[in-house]
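One-letter residues, chain by chain:
Number of protein chains: 2
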Amino acid sequence: MRESPLHELSATDIARATNAGTLTAEAVVRSCLERIAQRESTVGAWAFLDADHAIAQARDIDKSGKPRPLRGVPVGVKDIIATADMPTTYGSPIYANHRPAWDAACVAAIREAGGIILGKTVTTEFASSHPGKTMHPRDPERTPGGSSSGSAAAVADRMVPLALATQTGGSVIRPASFCGVIGYKPSFGWINRHGVKPLSESFDTIGMMSRNIEDAALLASVLTGRSMMLEAGMIERPRIGVWQNNMLERAQSVTLSRVRDVMGLLSRGGAAVEFVQQPDEFAELDAAHHFVEYLEMGKSLLFEYREYPDRLSSALRKRIEEGRSYAPETCDRMQQVIETCRHRMAAIFLKFDVVLFPSTLGEAPKGLWNTGNALFNRFWTALYVPIVNLPIGVGDNQMPLGIQLIGREGDDRRLLWLAQSLEAMLDGKAASS
Amino acid sequence: MRESPLHELSATDIARATNAGTLTAEAVVRSCLERIAQRESTVGAWAFLDADHAIAQARDIDKSGKPRPLRGVPVGVKDIIATADMPTTYGSPIYANHRPAWDAACVAAIREAGGIILGKTVTTEFASSHPGKTMHPRDPERTPGGSSSGSAAAVADRMVPLALATQTGGSVIRPASFCGVIGYKPSFGWINRHGVKPLSESFDTIGMMSRNIEDAALLASVLTGRSMMLEAGMIERPRIGVWQNNMLERAQSVTLSRVRDVMGLLSRGGAAVEFVQQPDEFAELDAAHHFVEYLEMGKSLLFEYREYPDRLSSALRKRIEEGRSYAPETCDRMQQVIETCRHRMAAIFLKFDVVLFPSTLGEAPKGLWNTGNALFNRFWTALYVPIVNLPIGVGDNQMPLGIQLIGREGDDRRLLWLAQSLEAMLDGKAASS
Numbered sequence: 005m006r007e008s009p010l011h012e013l014s015a016t017d018i019a020r021a022t023n024a025g026t027l028t029a030e031a032v033v034r035s036c037l038e039r040i041a042q043r044e045s046t047v048g049a050w051a052f053l054d055a056d057h058a059i060a061q062a063r064d065i066d067k068s069g070k071p072r073p074l075r076g077v078p079v080g081v082k083d084i085i086a087t088a089d090m091p092t093t094y095g096s097p098i099y100a101n102h103r104p105a106w107d108a109a110c111v112a113a114i115r116e117a118g119g120i121i122l123g124k125t126v127t128t129e130f131a132s133s134h135p136g137k138t139m140h141p142r143d144p145e146r147t148p149g150g151s152s153s154g155s156a157a158a159v160a161d162r163m164v165p166l167a168l169a170t171q172t173g174g175s176v177i178r179p180a181s182f183c184g185v186i187g188y189k190p191s192f193g194w195i196n197r198h199g200v201k202p203l204s205e206s207f208d209t210i211g212m213m214s215r216n217i218e219d220a221a222l223l224a225s226v227l228t229g230r231s232m233m234l235e236a237g238m239i240e241r242p243r244i245g246v247w248q249n250n251m252l253e254r255a256q257s258v259t260l261s262r263v264r265d266v267m268g269l270l271s272r273g274g275a276a277v278e279f280v281q282q283p284d285e286f287a288e289l290d291a292a293h294h295f296v297e298y299l300e301m302g303k304s305l306l307f308e309y310r311e312y313p314d315r316l317s318s319a320l321r322k323r324i325e326e327g328r329s330y331a332p333e334t335c336d337r338m339q340q341v342i343e344t345c346r347h348r349m350a351a352i353f354l355k356f357d358v359v360l361f362p363s364t365l366g367e368a369p370k371g372l373w374n375t376g377n378a379l380f381n382r383f384w385t386a387l388y389v390p391i392v393n394l395p396i397g398v399g400d401n402q403m404p405l406g407i408q409l410i411g412r413e414g415d416d417r418r419l420l421w422l423a424q425s426l427e428a429m430l431d432g433k434a435a436s437s
Numbered sequence: 005m006r007e008s009p010l011h012e013l014s015a016t017d018i019a020r021a022t023n024a025g026t027l028t029a030e031a032v033v034r035s036c037l038e039r040i041a042q043r044e045s046t047v048g049a050w051a052f053l054d055a056d057h058a059i060a061q062a063r064d065i066d067k068s069g070k071p072r073p074l075r076g077v078p079v080g081v082k083d084i085i086a087t088a089d090m091p092t093t094y095g096s097p098i099y100a101n102h103r104p105a106w107d108a109a110c111v112a113a114i115r116e117a118g119g120i121i122l123g124k125t126v127t128t129e130f131a132s133s134h135p136g137k138t139m140h141p142r143d144p145e146r147t148p149g150g151s152s153s154g155s156a157a158a159v160a161d162r163m164v165p166l167a168l169a170t171q172t173g174g175s176v177i178r179p180a181s182f183c184g185v186i187g188y189k190p191s192f193g194w195i196n197r198h199g200v201k202p203l204s205e206s207f208d209t210i211g212m213m214s215r216n217i218e219d220a221a222l223l224a225s226v227l228t229g230r231s232m233m234l235e236a237g238m239i240e241r242p243r244i245g246v247w248q249n250n251m252l253e254r255a256q257s258v259t260l261s262r263v264r265d266v267m268g269l270l271s272r273g274g275a276a277v278e279f280v281q282q283p284d285e286f287a288e289l290d291a292a293h294h295f296v297e298y299l300e301m302g303k304s305l306l307f308e309y310r311e312y313p314d315r316l317s318s319a320l321r322k323r324i325e326e327g328r329s330y331a332p333e334t335c336d337r338m339q340q341v342i343e344t345c346r347h348r349m350a351a352i353f354l355k356f357d358v359v360l361f362p363s364t365l366g367e368a369p370k371g372l373w374n375t376g377n378a379l380f381n382r383f384w385t386a387l388y389v390p391i392v393n394l395p396i397g398v399g400d401n402q403m404p405l406g407i408q409l410i411g412r413e414g415d416d417r418r419l420l421w422l423a424q425s426l427e428a429m430l431d432g433k434a435a436s437s
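In order, the protein sequences belong to chains A and B. For this note's numbering, count along the first sequence from 1 and bump the result up by 4. For this note's numbering, count along the second sequence from 1 and bump the result up by 4.
Be aware that a few hints might be false.
No copy is singled out in the list; a pair is fine if it fits within one copy or between any two copies.
[Said to hold, decoys possible] Straight-line alpha carbon distances no greater than 30 Å define the calculated DSS-like cross-link-like pairs of lysine-lysine that follow:
| hint | residue 1 | residue 2 |
| --- | --- | --- |
| 1 | K355 | K433 |
| 2 | K70 | K322 |
| 3 | K355 | K67 |
Simulated from the structure, these hints should not be mistaken for lab results. Everything numeric in this text was worked out from a predicted model, so none of it was measured.
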């Protein structure tokens, strides 16, 4: 295990070794800090990092003998999430000097489990669209995606094995796909949101970035209090649906070709793979998500809009104004559309264990003025379903591509199990090719 | 209108007069402050009040000529709700010196509408059960109810015409009933919760206290962005269901007798009044609410539990520990019970415009060590339905009693309309008796 540098270890391996007493949290943290010192100027993943404070946390953990699920595991925390011992800026100059009075519930849970909050990762402005300073780790001219830009880039660049992220539209899955890491957005409501600055209460969901499924399951167990242990042979013959709709016309051809590769791999692995045509009523879903999100954003950012209009990006100001022009009665109708689709989706999951859809249109685009398109993510977020991004090779520019594995609401364990099976197949393929 | 002192005016009358230019916000605020100066030592409704700051706000409003829905209306804000210009303690010594970086979304909306945040009203510890300093305005040995203790007492005592409150179990309706004011808990999700410290995401709902239904409708219009205007003749022959279950065995006999009076009044007024037997599956609802609330509380208060255990009341510490021992999988099952009842309730509302149930077991009990029993409130809160408390006379000790008017989820306007009709009947009865 010690062959790779410590900052490349998985969270699972770190916790195993620190609990066994063969590794100290301090050594892991120092290795991560060294990696960050080397790479941060070309990645810009961190909104806040205090090396001494991180080391002090690690020493505290090392002093306590108690076995703990995340013992000594460094975690990056998206800067939309409150930390009592570190600034929390929400990606906005309004809060440049802000320090909350508390840790978010998810941060408190990580600390209780023995994890180390390494620092705060860059978020777009209020987890909406206006980008932060983060660059794609493989190409500084490309976006890492957003809004969880720093979390995806830091995990991809081996600065930290795990990072917290949030998704309202596509803010976990898109950056995970662009950066080539695992992104996991649990079922809506599975992780307590206290301390996450709200954008849209109807959709805001805490998720995470990792470099393998096992690590995501480990962190999710801590955050949800549920057993996410992935046992071998959980499903005998997985039933896979490959979602078809007219959005796919907008995907790059390499994206669709990689999805076909995955289908072939799954079929050869013994899964039952078939296409699922999107039901007609789903046509309105993306627009419904947009409406509800914007209306809610117009309310949750009202204080900032009224008090600091000049310190909001003009893009966000326009979004807030759009949301403020929306009628709650129309929002009720949109929620009804979403509700109908949720029921329809539950019925579809009687026939499938998991559904596949590309994570993004294609590779991370050039340009840092925006964080890419969430078209392939928003309607899934609206459905409350758990989603995993799994990297599936690279595109024409050698940039990562990803696929969304979508599970039934509340059946995250099955989803993670299947994601892990596919991950193993893809690793095997990579190893043999 | 000027015959009553300004601090006794309704919010509707204040806004009408300030917008017409016949009254200044400053005069209203000064009158409220005088009333508070006289009465606060025997009521203890306020967690924070800065007279100069309140007057300064009023002068700002008076300087601006714009007509606004809450122009010059003083509003008390429960101290579980964030204010950027006033301390926010959440009823806990942990946050004795805490000042948030923002206004809650509901506070920002009130300011935008021209309302004046008069001060912060006392909440129980984190809006859970441990009481604050507030006494019942009519009898200092009795509880005003909770958790929105200060909001109910301040409105009842004519210190302020409107106050924000929140309800997770019975925290709007119970204190409103004990203190003899209107309490209105809207449909779940109708008022954006950003800036309210979460106890239980599944149930936390922002509501309000007022002295008449018209004022509640006015504030609700501002907070929801929905038209709550109550037009005459909205419903021709109201269909009233009087809810029957075995909890009623625990009600004081005077409570049941007052409910019968209301039934008679409604029948004579032309409403179709009939009993509704609670369906069997509702038997689990109170326990399900308890389970979900406690589990969520164990997560949302984890930071305080870990960092400041000695500054939590022992009652709350025990509740948190109880919640931490609960399994999320059982919580899923409990949510399922609640969901089933919600659907059943929607079906019941096909036959009724509104359902009646006593607000509390009886009058506000003696003793300030607890805030009374929420048994009659919790299961309604779990159903997401809108609820109004309407005062219906007094009990054996001359303390107020109240009735819950319960509406269909999302049909708050119909509920408020019916509440206003009944309010007029009760006023007529009071006038003629």
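Taking the hints in turn, this is what the structure says about them:
Taking the shortest alpha-carbon separations for K355 and K433, only the intra-copy value of 28 Å comes in at or below 30 Å, while the best inter-copy value is 62 Å. Taking the shortest Cα distances, K70 and K322 sit within 30 Å of each other only across copies (24 Å), while inside one copy they are farther apart (51 Å). In this assembly of identical chains, the alpha carbons of K355 and K67 never lie at most 30 Å apart, being 51 Å within a copy and 65 Å across copies at closest.
Comparing the model with each earlier hint shows a violation of hint 3 alone; every other hint is respected.
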